[in-house]
Amino acid sequence: MIEPSWKERMAIVLARDIVDGERIISGAHTEISFAAAMLAQKMHAPNIKLQLGGTCFLVNVTDIPVSLPKTSTDFRMLRWAEIAYDHMETFMYFGAPGGRAYYTGMRPPTNKYFVGDKFFAGGIQVDGWGNANMIGVKAKDGGLAFRGPGSIGIPDIVTVATPYIFVTHHDRRTLVDQVDFISMHGPNGWREHDYPGHGPKWILTPRCIFTFDDGGRAQLSGTFKGTSPEWVRENTGFQFELDPDWCEIAEPTAEELAVLRGEIDRDGVLRH
Amino acid sequence: MKLDPITRANRPKRQEVLVSEEEAAALIGDGDVVIVGGFGTVNHPMPIIRALIRRKARNLTVIGAATAGLEIDLLIGAGCVKKVIAPYIGAELYAPIGHCYRHAAENGLVEVYETTEYLLYSQLDAAARGLGFLPWRGGVGTSIPLLNKAYVPFNDPINGEPYLAAPALHADWAIIHVGQADIYGNGQHGGARFGDRLLSRAAERVMLTAERIVPNEEIRKNPFATSIAYADAVVEAPFGSHPFASHGFYSEDEDALREYVSASAAYRKGDMQAWHAYLDDWITGPANHREYLAKLDGERLARLQNSVHA
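First to last, the sequence lines map onto chains A and B.
Just so it is clear: in the first sequence, position 172 is 163 by this note's numbering, and no numbers are missing.
All you need for this note's numbering is the position in the second sequence, starting with 1, plus 7.
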């Protein structure tokens, strides 16, 4: 068996954390989260309501082989769709059912299709409080040294769904002591200021998984094979504690890899 | 009271709105606020975008789609844009951030209106409904209302929740690409519509590029498919979204997108010669959409069409 790539490892751990029946939103520029969501639907979670990409439809790929699309708007994805709707409609039905009870974790039962439970967000900078920045990096003179892509819909979706932050580089430039701008708050932003929503569940990198402790601070909870906590400490720009339950993350199984490679990523996008 | 009897004599013709892309671009004035439809790498009204660049449009305020693509990046690089309103400008794996956008934003060449997908939709919705603003919860407590003072924090008077007031965003024109349209301005998409229906309703006036012009009877066969009615101008534009995809017709031209990304990367690095060579070749060189298409050989276009079925 070919050794799993870092992208395959990331997709597989995200898939493992998806629970059957959840509403999953996988947005743009995210071949890893596309693969994760489809893997979950094919493996253990056939009842997830899966919105894939910006074309806005709910897809069912349980019984068909697919290919990872190059863009989130690929027309060919419509063949997997059971419903298609306009992009702004996603948000029109994004109300948090049940008002504030929703935000405190007591989610009342609802069958509203277009409300997400979980989604995946990137960040050009992420800090140890779980704040994510898509806006830019400040220059010393106060201007922009680097203009980011923009906050997209992350500040919108986070008010009702739980994000996984995932970054494709594990370095001190990405994982910083303090973000220059906030596109999305970490757990404390929501708690302390009573903002709608709640913070991210994980920060996932090619090397490890950070979760958040009771104080809302990132803690190292899992490392992928070949990465030590010391390596993570050396290459992370924020301070963190080791989760008491820290472990090395179980490697992809033969079955997980077989479905991922044989029925989802047949072109090996995640291996390049 | 005198009510004259009506007659069919001297009856005016129903107004036809079919125009060339040059005529359409001339309707848009320098300094106008222009919404550009489509999404990511799909459904952009490129013949009008290129005609705007050829006629050296200046000082436009451009409102992009919720995921705006390289069509906005191109307008910025060509010097047409004063201010840009979009929650994202790029092309995913091809270019995570538009190079011209990045360069212009980093060097103060364009004003960037910081926003999110649904703050923007709320603003367009408010404009469409004739409201002064609509409330939204996204962006509360982030850097966005700090960077963009147009968003006013307030508390929901019913439940006390913190919201942002998203002011109506008015636009002079929306330019939308559809699959088919008739000469009276009725347009039907060939696949996903993304935010186009709302984008068109928010603007004062609408112009369409259409893959094909069909008889009015064809539109009336399925009025449920009509996404935009009574546009002010329609441009016949086969392969009108190239180099991007047009849902239901063809996929994106990866080679052409890579060529653009490479030219715009040169722009960002200050190699204006390479950038202008690209513009001369693909944007300002061909005098119109017909000449643009003539530069692309039939085999290449057929391949893009067929890949929709792959």
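No lab work stands behind these hints: they were computed from the structure.
Keep in mind that the hints are not guaranteed to be accurate.
Using 20 Å as the maximum straight-line C-alpha spacing, the simulated EDC-like pairs for lysine to aspartate or glutamate come out as follows [claimed, not checked]:
id : chain 1 : residue 1 : chain 2 : residue 2
1  : A       : K129      : A       : E13
2  : A       : K(-2)     : A       : D168
3  : B       : K302      : B       : D278
4  : A       : K33       : A       : E80
5  : B       : K63       : B       : E168
6  : A       : K131      : B       : E113
7  : B       : K89       : B       : E168
8  : A       : K129      : B       : E266
9  : A       : K216      : A       : E183
10 : B       : K63       : B       : E113
11 : A       : K192      : A       : D168
12 : B       : K156      : A       : D8
13 : B       : K302      : B       : E118
14 : A       : K192      : A       : E73
15 : A       : K192      : A       : E246
16 : A       : K129      : B       : E113
17 : B       : K228      : B       : E261
18 : A       : K61       : B       : D278
19 : A       : K(-2)     : A       : E246
20 : A       : K61       : B       : E29
21 : A       : K61       : B       : E266
Status of each hint after checking the structure:
| no. | hint | result |
| --- | --- | --- |
| 1 | A:K129 x A:E13 | violated, 38 Å |
| 2 | A:K(-2) x A:D168 | violated, 25 Å |
| 3 | B:K302 x B:D278 | violated, 25 Å |
| 4 | A:K33 x A:E80 | violated, 27 Å |
| 5 | B:K63 x B:E168 | violated, 47 Å |
| 6 | A:K131 x B:E113 | holds, 13 Å |
| 7 | B:K89 x B:E168 | violated, 35 Å |
| 8 | A:K129 x B:E266 | violated, 30 Å |
| 9 | A:K216 x A:E183 | violated, 36 Å |
| 10 | B:K63 x B:E113 | violated, 23 Å |
| 11 | A:K192 x A:D168 | holds, 19 Å |
| 12 | B:K156 x A:D8 | violated, 39 Å |
| 13 | B:K302 x B:E118 | violated, 34 Å |
| 14 | A:K192 x A:E73 | violated, 29 Å |
| 15 | A:K192 x A:E246 | violated, 26 Å |
| 16 | A:K129 x B:E113 | holds, 10 Å |
| 17 | B:K228 x B:E261 | violated, 35 Å |
| 18 | A:K61 x B:D278 | violated, 29 Å |
| 19 | A:K(-2) x A:E246 | holds, 17 Å |
| 20 | A:K61 x B:E29 | violated, 33 Å |
| 21 | A:K61 x B:E266 | holds, 17 Å |
When held up to the earlier numbered hints, the structure conflicts with 1, 2, 3, 4, 5, 7, 8, 9, 10, 12, 13, 14, 15, 17, 18 and 20 and fits the remainder.
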